[in-house]
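Visitor: Build out the structure end to end from the sequences listed, making use of the hints.
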Amino acid sequence: MTPDEIIDAHPQVSLEAVHDALSFYYENIESFDSEISARRDNLRKAALKFPSKLKAAIG
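Here this note's numbering is used: position 11 in the sequence shown is 16, and no number is missing along the way.
The set of hints was computed from the structure by calculation and includes no laboratory data. Don't be surprised by glycine CBs; every beta carbon is placed ideally from N, CA and C. Misleading hints may appear alongside valid ones.
Stated by the list, open to error - Cβ pair distances, simulated, as ranges:
#: 1; residue 1: Ser36; residue 2: Ala61; range: 34 to 40 Å
#: 2; residue 1: Ile41; residue 2: Pro8; range: 17 to 23 Å
#: 3; residue 1: Leu20; residue 2: Arg45; range: 18 to 24 Å
#: 4; residue 1: Ile12; residue 2: Ser57; range: 38 to 44 Å
Guide: What follows is the structure, encoded as structure tokens:
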């Protein structure tokens, strides 16, 4: 999404705020990517530890 598309989808947010958020993200992208990766790993571990009862029930 472009900043203009974000503004169109969320008119309550200013263009300045969108640019600030994008700047913060790109300045800290490694930290964000690391956090996302860690959360995905935790979800995979939880899925293995606690398999879906619904999937087991429907086969």
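Visitor: Indicate, hint by hint, whether the structure satisfies it.
Guide: Right, here's what the structure says about each hint:
no., hint, result
1, Ser36 / Ala61: 34 to 40 Å, "37 Å, holds"
2, Ile41 / Pro8: 17 to 23 Å, "22 Å, holds"
3, Leu20 / Arg45: 18 to 24 Å, "32 Å, violated"
4, Ile12 / Ser57: 38 to 44 Å, "39 Å, holds"
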